[in-house]
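A.B. asks: All chains should be built: construct the whole structure from the sequences, respecting the hints.
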Amino acid sequence: MPSFARPPRHLLLLSVAVVALSLTATDARRRRQVHLRLYMHDILDGPEQTAIRLIRNAGPPHEFQKGECFGDTMAIDDPITEGPGIIGSSSGPVVGRAQGTYMLSSQRENVLVVAVTVSLTDGPYSGSTFAVAGRVEIYNDAAEVAVVGGTGQFRRAAGHVVWRTSKLVSKVYVVVELIVDMSVPANDTASVGNGSLAIE
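In terms of full-length UniProt numbering, the numbers along the sequence shown are unbroken and rise by one, the last being 200.
Treat the hints with care, since some could be wrong.
Said to hold, decoys possible - Estimated spans, in silico, between C-beta atoms of each pair:
(1) P185 <-> K66: 44 to 54 Å
(2) A115 <-> I179: 14 to 24 Å
(3) G59 <-> S126: 32 to 42 Å
(4) G88 <-> P185: 31 to 41 Å
(5) R53 <-> A186: 39 to 49 Å
(6) P61 <-> N187: 51 to 61 Å
(7) P60 <-> D122: 15 to 25 Å
(8) A58 <-> P185: 35 to 45 Å
Derived by calculation from the structure, the hints in this document are not laboratory data. Ideal placement from N, C-alpha and C gives every residue a C-beta, glycine not left out.
C.D. replies: Laid out in C-alpha cells, this is it:
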C-alpha cells in the first residue's frame, strides 16, 4: 500500500488558526454596529422612588460604606431618557426602563455588581431590550459592563456599556449615563433611527 507522509504538526496548527481567524473576520463583517447614549434615573426615596432595597444588613458591615453591609441588594425600575435632565423637566421623554438589581458585592471595596435589562418603549427600537452585567466601582468616573444579549432588534447583541454618573440631583437621586456600543447580526431586520437612538 502506498504510504503518505504526515504534514508537520506546526503546519496543521497554522492551518487551523488561519481558518479560525477567517471565520471570525467573516462573522464580524456580518454584524451591524449599534451606538446609543441613554440616561438612567435611579431614585432611592420619595414619591418618585424607582429603587427599593431587597436585602439589608444580611452580611457584615461594609468597611467604607457607612450604614451599608456586604450583600445589600437593590431592585430597580428606573426610567430611561435621551437627555440627562431631571425627570419631568429637562430630561426629554421617557424612552424605556432599566429593570434589574445591583448588589454591594465586596466587603472592603466600593463595588456594585449589576444585572440590568434595558427595555426601550419608544423610538425606533420600541419593544427591543438588551441585557447588561458587570462590576461597577462606585466612585470611579466610569465603569465598563458587558452587553450579554438582547431581544427584538437587539437579538444576539454583544458589546459593552460605559456606565458613569452624569449628575447627582440629590442624596437619593442620581442620573447615570449609559454609552452603549454593541453589535447585532446584520441579517436581522433593524430600523434606522435618528439622534441618540441611531443605528449604524
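A.B. asks: Taking each numbered hint in turn, which are not upheld by the structure, reported in ascending numerical order?
C.D. replies: Hint 7 alone not satisfied by this model.
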